[in-house]
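The sequence shown lines up with residues 23 to 89 when you count with my numbering.
These aren't lab readings, by the way, just hints derived from the structure by calculation.
Values in this document were obtained by computation on a predicted structure and should not be read as measured data.
Possibly wrong hints are sitting among the right ones.
Label pairs and their calculated CB-CB ranges [as the list claims (entries may be wrong)]:
| no. | residue 1 | residue 2 | range |
| --- | --- | --- | --- |
| 1 | L37 | G74 | 51 to 59 Å |
| 2 | G74 | F39 | 48 to 56 Å |
| 3 | Q36 | K73 | 53 to 61 Å |
| 4 | G63 | D26 | 29 to 37 Å |
| 5 | V51 | S78 | 48 to 56 Å |
| 6 | I53 | K73 | 28 to 36 Å |
| 7 | Q34 | V60 | 34 to 42 Å |
| 8 | L25 | A58 | 31 to 39 Å |
| 9 | L25 | A64 | 42 to 50 Å |
| 10 | N81 | A47 | 44 to 52 Å |
The beta carbon of each residue, even a glycine, is placed where N, CA and C say it ideally should be.
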Amino acid sequence: MFLDLILKAFVQTQLFFRRRDGASAIEYVIIVAIVALVIIGAGSGLGDKIKGVFTSVSNALPAGSGT
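Kindly produce the complete structure, drawing on both the sequences and the hints.
Here you go:
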């Protein structure tokens, strides 16, 4: 009984280390991380430009009457 448990644990350990499903998941995580870094890098410069556009539009609008 104890030897069967040891044998099952050994077989499951061998199957775990031979699986290749995790490799594709790790590749997808790396791709998503790279895309996120590109978006963050582009977004920081883009944010300043968008803020400048809204500031110039806000300055071009006539002042409200305050009512």
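> Which numbered hints are broken by the structure, listed smallest first?
Replying inline: 4, 5, 8 and 9
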